[in-house]
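There are 2 protein chains.
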Amino acid sequence: MSDSISAKSASSSFQTACSNCQLAAICLPIALETPEMDRLDEIIQRGRPVHRGDHIFREEDDFTSIYAVRSGALKTYAVTEDGREQVTGFYFPGELFGMDGMGKNQHTVSAKALETSAICEIPFNQLQSLTTQISGLQRNLFQVIGQGINYDRQLITLLSKNSAEERIASLLVSISTRNSRRKLSASSFHLPMSRTDIANFLGLTVETVSRIFSRFQKQQLIAVDNKDISILDLDKLHAVAHGDNKE
Amino acid sequence: MSDSISAKSASSSFQTACSNCQLAAICLPIALETPEMDRLDEIIQRGRPVHRGDHIFREEDDFTSIYAVRSGALKTYAVTEDGREQVTGFYFPGELFGMDGMGKNQHTVSAKALETSAICEIPFNQLQSLTTQISGLQRNLFQVIGQGINYDRQLITLLSKNSAEERIASLLVSISTRNSRRKLSASSFHLPMSRTDIANFLGLTVETVSRIFSRFQKQQLIAVDNKDISILDLDKLHAVAHGDNKE
DNA sequence: CGCCTGGTTGAGAATCATCAACATCTGTGG
DNA sequence: CCACAGATGTTGATGATTCTCAACCAGGCG
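Chains as they are written, first to last, in our numbering: chain V, 94 to 340; chain X, 94 to 340.
One or more hints might be untrue.
Covered, in the sense of this in silico footprint (three residues per stretch, anywhere, with C-beta under 8 Å from a C-beta of chain V), are these stretches of chain X [claimed, not checked]: (1) 109 to 116; (2) 177 to 184; (3) 193 to 204; (4) 225 to 235; (5) 238 to 244; (6) 247 to 256.
The calculated lysine to aspartate or glutamate pairs, modelled on EDC-like cross-linking and capped at a C-alpha distance of 16 Å, are [said to hold, decoys possible]: (7) K254/V x D175/X; (8) K205/X x E152/X; (9) K254/V x D337/V; (10) K205/X x D290/X; (11) K254/V x E174/X; (12) K320/V x E208/V; (13) K254/X x E174/V; (14) K254/V x D328/X; (15) K311/V x E258/V; (16) K254/X x E208/X; (17) K254/X x D175/V; (18) K197/X x E152/X; (19) K205/V x E152/V; (20) K254/V x E178/X; (21) K205/X x D175/X; (22) K205/X x D154/X; (23) K320/X x E208/X; (24) K205/X x D147/X; (25) K320/V x D290/V; (26) K205/X x E153/X; (27) K205/V x D154/V; (28) K254/X x E208/V; (29) K254/X x D290/V; (30) K205/V x E258/V.
Just so you know, the hints here were simulated from the structure itself, not pulled from any lab data.
Backbone N, C-alpha and C define an ideal beta-carbon position, used for all residues, glycine too.
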């Protein structure tokens, strides 16, 4: 069900103008007037839907654009020198990615669709010149970038300080929170990524992830049906995520 | 010795214009013409030297400026909900910090001097308006920010994938590399931060850090004299950092 | 139908944390 | 200038968490 939406409705779902897009408030946390929105709209390119496994860009590709997820989900990852993969992020509708390319004018990670997805491409040069014309847009852009930096910092703390249980609880809470920002269910959702991806992202092994999912289920925190997750006790899960469940 | 420099020479060392600053190439990786450099110079504020333990800014302070290290060293850190500290970075001369505030217009970390240091403050609003006037500066700014993002991503990978030995070797290699960019010795340097800070930054305990320093010393990779480090075998240390020393 | 990928579960091993004792360094006041 | 206290660093013994190796199960696709 979730991947039939974007595939078919090419002219409705995926050609929506920013001014009609329900995600605009998430992508662009400032209120733009309609004429300004339209100018932004003009530079945004909406490609055909990408399918599971397709790349939006690859490591070392030239950095030309940043991207927003319209529907679906994807991951970014880098390949370490010894050939292992490091998943650096999961992205859901309304979220921006691709800023990793700003530093060297080349992407430092690859972006791959986890399921059929629709993507908005925002050419960076054009966005940059728009920022000089639309007041507040530059500030806004810095802000969005800054949020990405803060998110990374949180991940660093998570990896550096938290146990496997805490990491996994945090991820579930994070997905739940992001879902509710998009007016979707905070308690029941489908994980688009594999256990391997989750493990990789959180710096754990698949086995550990699997075990902890089972443990959480036994503790009545969540119900797991393969990739379908129901959060049964969000408060307690939140407590586990923050390590304040022990005392 | 290292902390008597900036304390005394208020008018020479610490009032140097950007155009005379040997670090300019590191701070601002574009070549600016002299008149442009001077305009940048005008907005940059050079405060009095800060001393060990002084804060440059604190978590939740308003975000007004980004900063460059002129001399000395500092760390950024956040305090987690349960009151523990998470060190998020160490900064050496020529390096920029403070971008963490862009996301919310408030700093999300605190910045504290590890030793007597001189800091350049660059008011962000003024920098932003300069970017509209000096061609290439905006691009440059994005680039510097992007480098910060890439650095964070590397840290994420380090924390997620690497053993304690690999993390510590990586940190030593990183400091060595950054030293040589500043034309200082890549093989012999003074660590400005405590073992506790190192451990915290790398997601380890002090004991583990201490043990691994000893181990590296036994293996003739480094010589440790308290906070003075000599790298005896950089190649091998590099190999340890990348985990390709085992086979 | 059977293969192959992805996920689960178990047993044993390894790494790193914890607890504890002790050494060293710093700086402060007598 | 020395003595002492507190902070910082080192080392050892023990234990917990997580990884590794291995077997097994389930589902999707040719």
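Quiz prompt | Restraint check for K205/V with E258/V, where alpha carbons must lie at most 16 Å apart | solution = With a Cα-Cα distance of about 27 Å, the restraint between K205/V and E258/V is violated, given a limit of 16 Å.
Practice problem: Would you mind confirming whether the straight-line C-alpha gap from K205/V to D154/V stays at or under 16 Å? | Solution: holds, 13 Å
Quiz item: Does the structure keep K205/X and D290/X at a Cα separation of 16 Å or less?
Solution: holds, 12 Å
Quiz item: Does the alpha-carbon distance linking K254/X and D290/V stay inside the 16 Å limit?
Solution: OK: K254/X and D290/V at ~13 Å, within 16 Å.
Quiz item: Going straight from one Cα to the other, do K254/X and D175/V come out at no more than 16 Å?
Solution: holds, 11 Å
Quiz prompt | Pair hint outcome, K205/X versus E153/X [Cα-Cα no greater than 16 Å] | solution = holds, 14 Å
Quiz item: Keeping to a limit of 16 Å between CA atoms, is the pair of K254/X and E208/V held or broken?
Solution: violated, 26 Å
Quiz item: Between K320/V and D290/V, does the CA-CA distance stay at or below 16 Å?
Solution: holds, 12 Å
Self-check item: Given pair status - E208/X, K254/X, alpha carbons within 16 Å
Solution: Violated, at about 31 Å.
Quiz item: Holds or violated: are the alpha carbons of K197/X and E152/X at most 16 Å from each other?
Solution: Distance of about 11 Å is within 16 Å: holds.
Practice problem: Check, residue by residue, whether the stretch 225 to 235 of chain X contains three or more positions whose beta-carbon lies closer than 8 Å to a beta-carbon of chain V, and give the verdict. | Solution: Holds: 4 residues of the stretch 225 to 235 of chain X have a Cβ under 8 Å from chain V.
Quiz item: Taken at face value, is the distance from the CA of E152/V to the CA of K205/V at most 16 Å?
Solution: With Cα atoms ~11 Å apart, K205/V and E152/V stay inside 16 Å; holds.
Hint compliance for this structure: hints 1, 14, 16, 21, 28, 30 are not met, and every other hint is.
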